[in-house]
Structure formats: C-alpha cells, structure tokens
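S.K.: In order, the protein sequences belong to chains A and R.
So for the first sequence, our numbering puts the first residue at 1; every next one is plus one.
So for the second sequence, our numbering puts the first residue at 1; every next one is plus one.
Treat the hints loosely; a few may be bogus.
[To be verified] Here are the simulated lysine-lysine pairs, BS3-like style, with alpha carbons at most 27 angstroms apart:
{"hint": "1", "chain 1": "A", "residue 1": "K514", "chain 2": "A", "residue 2": "K489"}
{"hint": "2", "chain 1": "A", "residue 1": "K419", "chain 2": "R", "residue 2": "K77"}
{"hint": "3", "chain 1": "A", "residue 1": "K235", "chain 2": "R", "residue 2": "K7"}
{"hint": "4", "chain 1": "A", "residue 1": "K2", "chain 2": "A", "residue 2": "K115"}
{"hint": "5", "chain 1": "A", "residue 1": "K419", "chain 2": "R", "residue 2": "K153"}
{"hint": "6", "chain 1": "A", "residue 1": "K2", "chain 2": "R", "residue 2": "K7"}
{"hint": "7", "chain 1": "A", "residue 1": "K503", "chain 2": "R", "residue 2": "K148"}
{"hint": "8", "chain 1": "R", "residue 1": "K148", "chain 2": "A", "residue 2": "K419"}
{"hint": "9", "chain 1": "R", "residue 1": "K77", "chain 2": "A", "residue 2": "K456"}
{"hint": "10", "chain 1": "R", "residue 1": "K89", "chain 2": "A", "residue 2": "K419"}
{"hint": "11", "chain 1": "A", "residue 1": "K489", "chain 2": "A", "residue 2": "K508"}
{"hint": "12", "chain 1": "A", "residue 1": "K227", "chain 2": "R", "residue 2": "K7"}
{"hint": "13", "chain 1": "R", "residue 1": "K7", "chain 2": "A", "residue 2": "K226"}
[As the list claims (entries may be wrong)] Beyond 12 angstroms from chain A on every Cβ pair, some chain R residues (computed):
{"hint": "14", "residue": "E146"}
{"hint": "15", "residue": "E163"}
{"hint": "16", "residue": "P165"}
[Stated by the list, open to error] Each pair of labels, with its calculated beta carbon distance range:
{"hint": "17", "chain 1": "A", "residue 1": "T317", "chain 2": "R", "residue 2": "L15", "range": "35 to 41 angstroms"}
{"hint": "18", "chain 1": "A", "residue 1": "L18", "chain 2": "R", "residue 2": "G20", "range": "42 to 48 angstroms"}
{"hint": "19", "chain 1": "A", "residue 1": "K499", "chain 2": "R", "residue 2": "Q57", "range": "33 to 39 angstroms"}
{"hint": "20", "chain 1": "A", "residue 1": "L193", "chain 2": "R", "residue 2": "E64", "range": "47 to 53 angstroms"}
{"hint": "21", "chain 1": "A", "residue 1": "G223", "chain 2": "R", "residue 2": "L15", "range": "34 to 40 angstroms"}
{"hint": "22", "chain 1": "R", "residue 1": "W39", "chain 2": "A", "residue 2": "V294", "range": "48 to 54 angstroms"}
{"hint": "23", "chain 1": "R", "residue 1": "Q57", "chain 2": "A", "residue 2": "P271", "range": "55 to 61 angstroms"}
{"hint": "24", "chain 1": "R", "residue 1": "L15", "chain 2": "A", "residue 2": "M1", "range": "15 to 21 angstroms"}
No wet-lab data here; the hints were simulated from the structure.
The beta carbon of each residue, even a glycine, is placed where N, CA and C say it ideally should be.
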Amino acid sequence: MKALKQTLIDWVEYRTGLESAVKNFLYEEIPASSGWHQVFGSVAVFLFLVQAFTGLLLTFNYAPTPGEAYNSLKYIVTELTGGRLMRGLHHWGASMMIVVVVLHMTQVFLFGAYKKPREATWMLGVMLLLLTLAYGLTGYLLPWDNRAYWGTVVTTQIASQAPLLGPYLTRLLGSEGNIGVVTFARFFALHVLLLPPITAFLIVLHIYLVRKHGVAPLPGDAGITKKFFPEQVFKDTVAIFIAFVILFVLAVAVKVPLERLADPTDTSYIPRPDWYFLFLFQTLKLFRGSAEVVGSILLPTLAVVALLLAPFLDRGTAKRLAKRTVAVGIVGLAAIGWTGLTVTAIVTTPKTSTMAEGEQTIIQDWQELPPEALAGIGYFREEQCSTCHNLTEGGSKVGPALASTAIRRTPAWMIEHFKSPSQLVPGSSMPPIHLSDAQLAALSAFLLKLTPKNSKALESAPPYAVEGAMTYQANQCGTCHTVNGEGMKVGPSLNGLFKRRTKEWVEKQIRNPKSHSPDTIMPSYDLSPREIDQLVSYLFSLPHTKSISIAGIEMQRYLQGQD
Amino acid sequence: MSDEGNKATRRTFLLMVIYGLWSLMGLALALPAAIYLLWPPRPRKEREWVEAGSLAQLQPKTPEELVFRRNRVDGWKISSEKATAWVVKTSDTEVIAFGPQCPHLGCAYHWDPQNQEFLCPCHASTFSIDGRVTAGPAPRPLDRYEVKLEGDKLMLGPVHKSEGPPT
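With the hints as extra help, turn the sequences into a complete structure.
M.R.: Listed below in structure tokens is the structure:
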C-alpha cells in the first residue's frame, strides 16, 4: 500500500514536479522569530477562498436582475436547505474579511515590515484592501432590497461628486438619473466577473513577493531560521480555525436581514451603509455645502495615498515595536478616530426603520384598496393579462385598454366573461381564465377600482403587498377583520396594526392565537414563512386610519392641482 | 524521554492538529454545500387541480388532445404555461389522462386513428388506448395525470410516472 502510494507520487512528480513544488513551498526557511503575529495573512487568504466558494454557490440559484434578484435570494434563504447558511457565511465572511485584512495591515505597519525591500509587497497589500472594500460596495446592491437600493443611491451620489471624473464615473456606474437595471448589471459584473480574478492575481503576486523577500524577521533576529511546515502552518491553521468557528457561529446564529423589495418611492427609508463604511459616512456629515467634497473624496483619497506611500515616508531602519512610538501613535489615533466616527454614526441613526412603514405622509393608491381588489392585482399579474391588455390607452395590444372599459361592466358580467370570453363578447380571442370564483371576483374588484387616473399608481403596487393580500383573501381573513373599511367586525380592524403590535407578535398571533389569549375564537393558520412574511408586511403597510388616508387624498389632489 | 523523541512526538501532534482541523473545516463547508445543491427545495403547499375541459366534449374511446393553462413552480418563479394531455373517456364516470411525452425519450406522440394506437414519431414506439406499449423501445407505459371529475368538469392534477412493465 505504502509502496503503491510512493509509486503514484513518483509518477506524478516525474511528469509535473508537483511534489517538489509543494515541498519547496512548505519547507521554506523562515526566521525563527516568526510566530503568532504573522497568521493574519493566511486567515485573509482562507476567507477569500470561503467567499469565492459561497459566492459561487449563491450564484447557482440567483437571478442577476433587479426584482428577480430579490425573489431568488428569498428563495435561497426560505426554500433551499442550507441556503440561509450559505448567505450567512457570505455576508459575515465579508465583514470578517475586512476585520482580518485590517488586522494584517496593522501588524505589518506596527512591526515596520513594509521597509525596504518590501515596499512593493505593502503597496500590493493596500490595493488588496481597496479591492476588499470594492467587494463590499458592489455586493451591497445585489439583494435588491430597500437597504441595498438606498445604500447604493448614496454611494453613487458620492462617486458623482468626484472632481473632473464625476460625470464619467456616473456614466460608468450606469447611475445617471436613477439606480436601475444598468447599475445593477454593472455592480454584478464587477462583483463576480472582474474583481475575483484581479484579486486572485494580486494575492498570488503578493505571496510571491513575500516569498521572494522572505518573511520579515523581528529586529535583532540573529538570522536563525526554521521551516514553515509544520511549526508556522500549525499556528496558521489554528488561527484559521478560530476565524472559521466565529464565522460559522455568526452565519448560523445571526439572521442576515432581507428587507422589503427595493422601493424607489419609499421616502421614509433611512439609508445606512454597512458597518465598515459608517466612519466614511460620518466623516461626510462634518462637511457642508461645497466643502462636502473634502469629506467624500479628498480625505479618503489622501488617506489611501498616505497608506500607499507609508514605506517611503518611514525610511528609518527597523526598530523594536516598543521603540516605534510614532507608528503606535498613528495606529492608536486611527483606532480612536474610527471608533468615534462609527459609534457616532450608529448612535445618531434614528430607530424608525420598522415603524416607518405605513406612516408615509402620502398614502399610495394601492394602500387604500380593499384586500380583495389588491389580491386582484396579483391575479392580473399571474395570468399575465398585460400581454394583451393595457390599463390605459397607448401602445397597440390585442385586447382593449381596461381602465376605460371596465367601468361600464358589472362584476357578474366580468366573472362570466372571464370564464368563457367568447360567449359574452362574440369573436373574442381571449382565452378563458382558469381561476376559482373567489379569485375571479377579486380580479373584477380590482378592475372596477381602475380609473385612467389611478391605473399607474395601482400597477406599481409592490409584490409583497399584493401577495400578502392574496394570502389574506385565500384564508378569508375578511370574514372577521376589517381592512380599509371592508370586511366584518368580529375581530379588530387591521388598519394601524403597525402602531399597536410588532411583526413578531402578529406572526405568532397568526400561527398560534391561543398563545396570546387562550379564549380567542381566532383559528390558527399554518402558512409558509414566505406567506406569513408577506401577509404581515402587507398588514403593516396599511394606512393608520381612514382620516389619514383622506388627508392623503387631499394632499394628492392638491399636488395634482399644482401641475 | 530523549530530546529527539520529544521532537518527534511534538511533530506528530502538530501534524495531527493540522490535518484534523482542515478536515473538519472542509467537512463543515462541503456537507452544507452538498445539501444546498442536492436537497430538493421545500415544496410549496398548494397542490393544484386545473380544469382541462368538460366531459361533454369527449367521445367515448376516442383520445382527444386537450390544451389548458397551468401554473408551474419554477425555482423562485411561478410561471403560467400551456400544458397538454391526451384524454380518453373510458366510461361515463371514468377518464384517463396521459402525459403528452413519450416515456422513452420525451418526444410528443399523437393518436393515430387509422391504427387505433398512439404513435411516437421519434422511435416508432406505439401504445394501446390504455397506455400499454405495443411496439418500440419505450420502457414503460404512458405516464398519467391524476384525474378528478367535478360534475361535468375534468380536473387534472400532477403527472405521475407510470410503473411496471411496458405491456
């Protein structure tokens, strides 16, 4: 057995030189003074590989276009076994990557390991740091939820402020006018096609240079060496393992948020970047007006240049850590500054993100629809009615525009017509719609609410609300509850629910009402996590009371009167 | 213990830790990844019945191709698509509905009224009116839809793979 293994190794070695290459790599002589302080580089490489691996797996079930992206990610985390773990690993891996890369840099900086002849190694490292941040920036948009959308709005606005380059950057990022399909495609391409090969190449180059110059010895190292394997590999492995355990626990235990689908009309959303960009975000607030560019562009650029040039600014001979007071001072100041800015940013963030839904000053038209009509929008979309019909006039389609024709019909006529179109409209080429009577009633309820004025606003009803309303209808919640003035009053009205309860409470109430009050007559509902989520989000998007919504109408009338 | 021996045990210990931890991490990544890729998605709970046509439009013992629309769960999407079924009314209360694909390699077959059999044009498999293979390479009888009659309405459920020998 052993002989066979040796023969196999020899065979491969003779043809490829693989064994001697591996041995050459592992039995590299490193200074005897190397040790635990040098593990961070290996941990960073490991985390990069984990990111590549989990990223690839996510891409296997991900549709890189807005809207679809959100749905497919939701599918990954709710319907695929292990999907939530994969996303968790990728999300927290990104954060850990930043932490480890910064630790790695701090160590090299403190020990002065960037000094001649290792300047190029250091500069490559700075570029890798920038690449790591670029991943964070581009990856942030990919879930296409509100957080992603609004965060990227801010980022692209900052990029557009760059002196001279601003307009070109804007065009390059596809963010002229609005963040949409173009920006999304570019961010996706950068994140998965361009950045990874560049990073891999620079990592290889970086490691090559480390090997070329040898691992930096501590000052006063007598020139004694030891082998890289197994002593240092052991320390690297233990460090990597610790990092991996932390990452795994984070991925399992801490839920990564997937907020509502990106909503460009959501005026209440308060965008925040990921934690590692918060300090930049806070710096921005220190400058006003035309000076803003100082905080957004000038200072960060100066910081990067200073980092790149560190080996040339600090040209003295290597000294013990205890004597590098200036370096220690700089790191200390940077740490204090960073912490201060980040903490300020966190403390000053208003805590309204969950309460804000439904509290918008202007109520959208779809929010005032009774649930039946809103569910009708869902059937309208599911049956792909828009292939043949426009809502308002314009564009040539086979069927008539619905906003102007629907008003003249009764619900009973419509339901009969949907079932067998050619019977009521002779010669009609419309195929029959195969839905239950209740579903057809919902569809006609929607069409009856349709006017040329509100059709656009109704068409833009977000999918979560529509599907939530469909769930509401399918489970006949309206036999006991009132929404927007329709339904029965056995149970409490659901308008303004967001003021009274938390989402968790409502979810629990739907699943198991007896857990809150043992005498309740409300039955429990066994809904899928996705259905519950959409139903609750929908209920929380309802306007508070009728009076507010009338104010909303007044407001809209007023606004319409203006133009 | 001698110094040499000490060194050797230390080395063995280091190697064990290195190999052990890497195997553990490899496993912790590979296992969830395999489950993620191979495990079927959690099924959405509704099992849909679609109305494909009415009993009145069928002649006894005469296969009819019915075209209807049904929703198909396609990953994260539900797409509404056209589907077909070959439907045979065997009695006033019983209907068989065959899936539209030949069980050999998935070609669309059709009813040949002259020879009173289903014929697949790809490899000339033929099937009798009750779906049994009468000639050709087809490995099993025609697949069937779940069927349910609601008054005059013919309701179709999911297609099930047929089992058993071809004839």
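S.K.: Output the numbers, in ascending order, of every earlier hint that fails for this structure.
M.R.: 4, 7, 18, 19 and 21
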